[in-house]
Structures are given as structure tokens and as C-alpha cells.
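K.L.:
Each chain is listed here by its residues.
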Amino acid sequence: MFFNHTKSGGLNQPKGGSPRKKHKEEPFSASLKSNIDTFTKLLGHSSDLEIKPFASDLAPEITMSLVYLSEMVNETTLNESVLRPLMEEDQQAEERSNALIHLIKEQIIQVGSTYCTDSIEEAIDMLLNGYCLLLVQEANSGLMINVSSKEGRTVSEPTTQTVLRGPQQSFNEILSTNINLMRQIIKSPDLHIESMVVGSQTRTQIAMLYLNGVASAEAVKTVRDRLEAIEVSGILESGYIEALIQEKTYTPFPTLMNTERPDAVAGGILEGQIAIVVDGTPFVLLAPVTLFQFFQTPEDYYHRFDIATFLRLIRFVSFLISMLLPALYIAVTTFHQEMLPTTLLITLAAQREGIPFPGLVEALIMEMTFEVLREAGVRMPRAIGPAISIVGALVLGQAAVDAGIVSAGMVMVVSFTAISSFVIPQFNIAISARLIRFTFMLLAGVFGFMGIVAGFMAMLIHLAGLESFGVPYMTPLAPFNWSAMKDTFIRAPHKVLLKREAANKINRTSKAE
Amino acid sequence: MYRLLTRSAGSLLILMLLGGCWNRVEMNEIGIISATAVDWEKGKWIVSYQMVIPQAISSQGNSAATGDAPVNVFSTEAESIRKAIGDASREMSRKLYFAHNQIIVISETVAKKGISPLMEIYMRNTDARETVSMFIAKGKARKLIEQMLPVEKIPGTAVQRLVENEAASSSVYPDMTMYRILLELLGPTQATGIPELEISGSKQPLSSVSSLQNTYTRAKIKLGDLGVISGDKLAGWLTPDEAAGVMWLSDQVKRTTISFDCRGQGSKKDSSVIIGGASTKVKPEQRADGRWVMNVSVKANGTLLEYTCPNDLQQPGLLKQEEQRIAEEIKHGMETSWKAASRLKTDIVGFGKAISMKYPQQWKQIQKDWNEEFPETVLNLDVKFKLARIGFSNYTFKEAQSKTRK
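Top to bottom, those sequences are chains A and B. Residue numbers for the first sequence follow the working numbering, beginning at 1 and rising by one. Residue numbers for the second sequence follow the working numbering, beginning at 1 and rising by one.
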């Protein structure tokens with residue numbers, strides 16, 4: 001597939017990134033042969049390196065060569081738009097060497113994206129990106145022509161963040177497609193796209209998208225600086241970027257959001273967030289982000305406000321449940337039996353008769369069983385799915401109870417906890433809740449409610465201390481912002497939200513002055 | 001900083017190991033007590049426990065069908081109550097767990113001897129809850145917690161519900177929780193009333209599950225008289241009728257039914273009214289001769305429940321007349337219980353409290369001899385009753401019938 005990058009203007013000459021350390025900056029030599037030798041040597045005589053010498057009618061006495069990686073280029077474009085015009089040109093040019101290259105660039109080549117380079121270093125980079133290089137005898141520069149072909153999926157439905165109502169488009173692995181999708185939604189000249197290359201080996205293209213004037217200049221600068229500071233050999237997924245640019249490494253809470261939904265990214269950008277698109281993954285990062293944004297889905301804004309509010313509240317409750325319920329159950333059944341209504345106590349006590357383990361161990365067994373099943377469910381080949389779910393249902397369900405290993409109440413608690421953790425739209429915060437759950441369970445098993453309260457306090461302190469690109473993680477709860485409450489736990493009607501947006505705009509302009 | 005962190009983390013870890021999970025108790029290690037009975041015999045306290053057997057009650061598993069008894073009653077004895085409870089560990093495989101103890105029944109002997117040791121336990125111990133309802137049994141207290149109740153699985157809980165239900169719907173006895181008893185016995189008048197729990201019908205308690213297989217029960221648990229406690233000892237008993245007036249005098253009536261005679265004084269009280277709301281205000285006043293006058297004003301309203309007189313309720317003035325009669329009835333009830341309380345020389349109606357709040361200075365002087373002085377008090381009753389609704393029908397059934405005949 002050929003993308004001529006016209007829409008993503010800045011992408012053609014990515015800057016930044018760590019310099020390639022293997023070979024130092026080398027200029028082209030005037031000799032065509034020595035240039036070709038350099039390329040063959042640097043690319044290790046790779047079998048897909050094509051060097052095609054040819055003579056053009058343009059300047060019959062001058063030898064030229066096309067250098068490209070055959071697997072990276074689109075042969076049709078190469079033939080139709082580069083070779084044919086070069087061969088069939090009948091005007092006789094006077095120019096030689098560098099001037100000839102400029103003539104070819106400006107008059108002959110029928111490809112939009114071309115540029116001259118005099119650095120072998122850069123030339124190799126672009127070759128690896130699917131450009132072809134035109135070398136001319138006696139010229140000490142080369143012409144890069146974009147004929148790249150990238151393999152990729154078509155734009156398909158989101159698989160990890162599905163909505164009932166809303167656009168059914170998701171990003172794919174190709175950066176240019178992803179940027180195209182964003183431009184389709186935000187058709188504003190204020191949408192700025194900065195692109196850079198990260199990873200000394202993978203040379204992964206990444207792009208930073210933000211709405212100029214809405215995103216805080218400070219945050220944009222922080223993100224840019226941090227991206228530029230990355231020194232790593234390879235970026236295989238946006239998760240690498242996330243890990244490398246986040247503020248605190250040792251926290252279970254994500255300080256960047258990832259999504260494969262263009263509408264979610266667009267929403268974030270419109271609210272002043274910065275999106276980081278990484279080539280090779282459909283997951284786009286959004287920063288800065290606050291804790292409460294992890295409980296919002298784009299769908300909240302597509303439904304009516306009352307329904308959206310209800311659903312959002314359910315998500316918050318589910319988050320707490322998935323974090324605390326097993327711990328509360330352990331604490332109540334082993335320390336604070338007096339808190340239960342008598343009838344419930346007796347029912348639970350009857351279930352626990354004959355269970356050999358203490359409540360904590362019982363809960364850990366069930367939780368671990370569930371985690372194993374879940375992990376198996378993700379890793380296993382699709383075809384085995386039903387088998388695993390049947391075994392899982394039996395193991396987690398009736399059999400464990402009948403065998404007298406766990407009590408029925410515990411099975412219920414664990415199942416409900418598990419289901420609650422799937423309610424949260426963002427997978428990475430759901431998984432932190434799962435992790436924290438085990439801590440809470442241990443605390444509850446050792447100290448009862450006191451442990452849970454202490455743990456919760458510690459968690460709140462940690463959360464209050466977190467920052468995401470200069471924004472406190474608990475905003476708008478701490479620091480408290482009343483007007484932002486309209487879109488935090490509840491989702492106020494759009495009319496009300498518009499007022500808030502207008503107020504924010506005034507704040508922003510007055511700050512800028 | 002790092003050293004401090006590792007040290008504190010290390011010590012915390014060791015602490016957790018040492019603590020051995022602190023005061024953790026698994027639910028299958030506790031014996032849940034649902035009712036306690038305290039007797040006094042031959043110089044020893046006998047404490048009986050009604051322990052719930054969860055397997056027999058829970059709907060889970062097969063044991064529910066086998067018809068095991070849902071509770072097991074056993075007793076221990078010692079010189080002190082707490083010692084007796086401690087001794088239970090010698091004969092029970094489980095730790096007795098009192099947080100869900102719903103009722104405590106004491107025998108009349110214990111009540112006459114003084115309930116202070118029991119109060120002491122409830123004030124001192126964390127596992128004893130003050131929400132326990134207390135009762136006095138005229139015979140052996142243990143008999144009452146052996147009694148099974150139809151419908152209910154746990155007798156202790158059932159009795160608590162019984163008294164709660166009673167307090168909410170007929171307001172003859174207060175639901176005397178340990179908390180209230182403590183509050184009143186430590187209050188200015190140091191007197192309170194504790195209802196009697198009795199087994200009516202056959203005197204043999206219904207202690208086997210098979211006896212519940214009949215469609216009737218030979219013996220029933222019910223609330224009897226009101227035991228009046230003065231200081232920490234039982235001063236005497238009030239009959240249910242006398243007890244009802246106490247509730248009026250001490251502003252505890254929530255909902256109750258009052259029977260009255262619609263034909264006039266002396267006839268059968270075959271009409272009744274349900275009290276929907278009532279409030280009592282007591283205004284103490286000292287007369288010149290030093291005697292105390294209690295101005296008790298009651299405001300109540302209610303709905304007509306049954307009316308047997310052939311009167312046309314639409315007739316002007318008639319409702320006023322009936323309201324007057326009901327008010328008289330309430331007044332009469334209060335006077336009766338006032339007389340009874342005076343007879344026992346125990347201020348369970350809380351007049352002393354009213355005085356102490358309004359005249360703290362004078363109260364200090366009379367506090368000591370209050371129980372002697374109390375029967376001398378002059379009662380000045382003023383009852384205002386309002387019939388809020390007369391129900392769906394304007395006529396009695398008989399009348400309605402005769403109207404259709406025409």
C-alpha cells in the first residue's frame with residue numbers, strides 16, 4: 001500500500017531520536033561506485049538490497065543508479081513514477097551532478113515526496129523506511145523518493161474497547177493511517193503533529209498530536225522533551241514509550257492512557273491532552289491523564305446524560321468492589337463477625353463448617369485460580385476457549401464447593417469481584433486494581449478492617465502524590481475543582497458542560513495574557 | 001532514608017509474623033450464642049447458653065433436611081458470672097461468641113438478689129453488646145431459652161423480634177435493651193422496668209424439634225408482667241394493664257390499641273381505636289406546702305378501628321364525645337399504673353428525671369428520699385385525644401345492613 005504522506009506533512013523528515021551509533025555521519029562521495037560500495041557494506045550485502053544502474057536519455061553520458069530495499073518498496077510506483085519518467089524523458093539536459101539531481105527532483109519524478117540528502121546516515125534511514133535513493137555520477141548527494149509500501153490491516157472495529165453506540169473504527173498498526181483518522185475527526189489547522197524517530201535499532205516513527213492553544217504549552221514541552229530523551233534500542237509498542245516517559249516507575253497506577261479508539265483520542269485532544277501515536281501499534285497514548293479519566297469512555301458522551309452518569313457511577317463502584325470486596329469479606333468473616341446480621345452470619349458460618357483453610361488462604365486460592373484461568377483465557381489458542389471455560393466454570397463453581405475446599409460465599413465474592421474488574425473500560429487500571437486487591441487481602445487477613453483502612457489511606461496518599469506530566473493525578477478531587485465535578489463522577493448534560501468549557505476558555509486566555 | 005525504610009519494612013514484617021494474625025477467629029471456630037440465661041442457685045451463678053448450630057439452620061447442604069435441633073443449650077456454674085462463662089471453655093470445643101447474643105433472661109431470684117454483677121459485665125466487656133434485650137423469668141431462666149418457637153429457627157433472635165414487634169405495634173412494654181437499662185439505672189431515678197418472659201400453656205418447654213411437627217404448640221413464649229427494678233433489685237411486678245399506663249406517662253407510646261366503651265361509663269369496652277401518634281409532656285411544679293405536682297399533658301391522635309354503637313358518626317358533636325371517652329380511657333390507664341408504681345415506691349415513670357431536669361437544685365435535696373416522696377406526688381392529668389380518621393365506613397355494619405333493607 002502506498003501512502004504519499006501529503007496529509008501528514010511533517011512526517012517526511014522526522015527529527016530527533018538517538019543517533020545511530022554504528023556508523024558515524026558520512027557524506028556522499030562524488031564517485032558513484034564508492035557510494036554504492038558504502039551502501040552495500042553498511043547494509044551488510046543484504047539480499048533485498050537492489051542496486052539498479054541505468055542510463056537515462058536525459059543525460060546519456062551520465063550513469064545513474066537506483067538503490068532500494070526491494071521488500072520495502074512498491075514496485076509499481078517505482079516503475080511507473082520513477083523509472084519510466086526517467087527513461088522516457090527526451091529532453092537533453094545540460095546540467096550535471098547536483099544540479100541534475102535537482103532537475104530530476106523538480107521536473108521528472110512523479111512522486112510527491114522527494115528530497116535531497118547528502119548524509120549517508122540519513123539515506124540509510126530512509127532506505128529502511130521504504131524510500132528509494134537515486135544516485136548520480138559525480139553528485140555528492142542523493143535523491144530520496146518515497147515509494148514505500150507498508151503492509152497493514154484495514155481500519156477495523158475496535159476489539160478491546162467496544163461501545164454499543166459510537167464510531168466503530170479503531171486505529172491500526174500504520175502510523176499514517178492513524179494520523180489520517182485523527183485528521184478526519186479534527187479538521188483544524190490547530191491540530192499540530194510533531195514527529196520523531198525513537199529507538200536506535202527499530203527507528204520507530206512516533207508522532208505527537210495536540211491542539212495548539214488548547215493543550216498547555218508546558219505539558220507539550222514536557223512530553224516532547226521526554227520523548228526526545230528516550231534512548232533505547234527498540235520500541236515495539238507504545239507500552240515502551242509509556243514506561244519510558246512516565247513520571248514514577250514504581251506505581252501500580254497508569255499515568256498514561258492508551259486507547260485504540262480514534263474518538264477517544266480526539267476527545268482527549270480537544271480537552272487539551274497530548275496524543276502519542278507510535279508506528280506499529282494500534283494503541284495510542286494520551287497524556288496527561290488523571291485517575292478519574294480512566295473511568296470514562298467516549299460512550300459516556302453519546303448516551304443521554306442520566307444514563308451515562310449511572311453507568312459511570314457503576315464503574316466507580318465496580319472499581320472499588322474489584323479492589324476491596326475479597327478483603328472486606330476476609331476481614332468480616334475472620335475479625336468482625338459482629339458486623340454481620342445474625343442470619344447472614346449463621347449462613348456463612350454453616351458454609352465454612354468443614355473448610356480446612358483460614359479465610360485468607362481460601363480467598364487467595366480462589367483468586368489465584370481465577371487469575372490463572374483469566375491468563376489462560378488470553379494466552380490460549382482460540383479453539384481451546386470453550387474447553388477452558390467449562391473447566392473454569394466447574395473448578396471455580398460447584399466442584400470447589402462440593403469438594404469442601406472453599407465456601408460457596410467465597411466463590412460468589414470472587415466471581416463478583418472478577419466480573420466487577422471487567423466493568424472498568426481501561427484495562428490497565430483494571431489490572432492495577434487486581435494487583436492492589438492482593439495487598440488488601442493480605443492486610444485484611446492480618447489486621448482486619450484496620451489493615452484495610454491503613455492500606456486505603458496509604459493508597460490515597462500515594463495517589464495524591466502522583467503526577468502525570470505536571471497534572472496532579474487526583475484532579476479534580478485534589479486539588480479540588482468544583483466546576484470539573486460536572487464531568488468526573490457524573491456526566492452533566494452537554495449544555496452544562498458547554499458552560500464549563502466556555503469558562504475554561506476564559507481562564508486560559510486570561511492566563512495567557 | 002533508605003535505611004529507615006528497609007528497617008521499618010523489616011520490623012513490620014516481623015511484627016506481622018509475631019502477631020500471628022492478631023485476634024483472628026475463623027467462623028468455624030466460634031460458637032455463636034443467641035441467648036443467655038442467668039440463674040442463681042445455692043450460692044452459685046448458673047449461666048446457660050443457647051448456641052446456634054449453623055449447619056442445622058443454613059439452607060445450604062443436606063443437614064437442613066435431617067431435622068437437627070437448630071440450637072443447643074448448656075449451662076456452666078461458678079461463683080461469678082464471668083468465671084462461669086470462662087468455664088465454658090472446658091466443655092465446649094468452640095470459643096463462645098457473644099456479639100450476636102440477642103436476649104438475656106434472668107431469673108426472679110437473680111433479679112431480687114440484684115443485677116449489678118450482670119451490669120458490671122456489660123459495662124466492662126467489649127464482646128458483650130449493649131443492644132441485648134433483657135427479660136426476667138419468674139421460674140428458672142434456663143427453661144425459657146430451651147423453648148423452641150414455631151416459624152423461627154433461632155429462638156433468641158425470635159424473642160428479640162417479638163419484643164421489638166410488641167414495642168412497635170402495641171407499646172405495652174418497652175424493648176429493654178441493656179443500654180437502656182444501664183442508662184435508666186444510672187439516671188436520676190435509678191429505676192426501670194424489665195418485661196417478664198413466660199411460658200404459657202403447658203408448663204413444659206417445647207424443647208425438641210419433633211414437637212414442632214404438630215400444627216399447634218403446647219407451650220408458647222410470651223411477654224408477661226413488667227418487673228420493676230429499683231436500684232438494682234426487683235421491687236415488684238406490674239400487670240400488663242398497669243404497664244401500659246407507664247408507657248403513656250413516660251412518653252414511650254408509638255402505636256397502640258385502646259379499647260373503650262362507646263355507650264358510656266361502665267359498659268363493655270367493645271370499641272377500639274388505634275393510636276397513631278402520641279406525645280406526653282411532664283411539667284413538674286412544687287406547691288407551697290412542698291409537695292410536687294406533676295402536670296402531665298398528653299396529646300394523641302388515632303384512627304377508629306371498630307365501633308359497635310349504633311350511632312351515626314356524622315352527627316355533629318358525636319366525635320367530640322367519643323374523643324372524650326377515649327381520653328378518659330387513657331387517663332384511667334395512667335392513673336392505674338401511677339397507683340401501682342406508688343405501691344412499689346419506684347419511680348419507673350421518670351418523674352424524678354423531669355424534676356432533675358427542670359429543678360436541678362431542688363432535686364439534689366430530694367434525690368435521696370425520692371422513692372419515699374414519690375407516692376406523695378400529686379398527679380394532674382390532661383389528655384387531649386383527636387380522632388383523625390374514622391375509617392372507610394360512616395355506619396356500623398348492622399346499620400348499613402338495615403339501610404339496605406329499606
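You may find that some hints are simply not true.
[To be verified] Covered stretches of chain B, as calculated for chain A (at least 3 residues, CB under 8 angstroms): (1) 43-56; (2) 323-331.
[Claimed, not checked] For each label pair, taking beta carbons as the anchor points, the in silico distance ranges come out as: (3) T6/B / F449/A: 25 to 31 angstroms; (4) M368/A / R94/B: 25 to 31 angstroms; (5) I388/A / T6/B: 27 to 33 angstroms; (6) T6/B / S233/A: 51 to 57 angstroms; (7) K299/B / I314/A: 45 to 51 angstroms; (8) N23/B / A243/A: 53 to 59 angstroms; (9) F449/A / G114/B: 48 to 54 angstroms; (10) G10/B / I314/A: 28 to 34 angstroms.
No lab work stands behind these hints: they were computed from the structure. Glycine included, each C-beta is placed from N, C-alpha and C at the ideal position.
K.L.:
Against each hint, give a clear statement of whether it holds in the structure.
P.N.:
Structure-based check of all given hints:
Counting residues of the stretch 43-56 of chain B whose C-beta sits closer than 8 angstroms to any C-beta of chain A gives 3, which meets the bar of three, so the coverage hint holds. Figure legend: the stretch 323-331 of chain B, annotated as covered by chain A; annotation inconsistent (0 residues with Cβ-Cβ distances under 8 angstroms, at least 3 required). The given range of 25 to 31 angstroms is respected by T6/B and F449/A, whose C-beta atoms sit roughly 28 angstroms from each other. Look at M368/A against R94/B: about 30 angstroms separates their beta carbons, and that is inside 25 to 31 angstroms.
Between I388/A and T6/B, the C-beta spacing of about 42 angstroms breaks the proposed range 27 to 33 angstroms. In this structure, T6/B and S233/A break the distance hint of 51 to 57 angstroms, their C-beta atoms being roughly 33 angstroms apart. Distance hint check: the CB atoms of K299/B and I314/A are about 48 angstroms apart, consistent with the given range 45 to 51 angstroms. At roughly 42 angstroms, the beta carbons of N23/B and A243/A sit outside the given window of 53 to 59 angstroms.
At about 38 angstroms, the CB distance of F449/A to G114/B disagrees with the hint of 48 to 54 angstroms. Taking 28 to 34 angstroms as the suggested C-beta distance range, the pair G10/B and I314/A does not conform, at roughly 42 angstroms.
Taken one by one, the earlier hints fail for this structure at numbers 2, 5, 6, 8, 9, 10, listed in ascending order.
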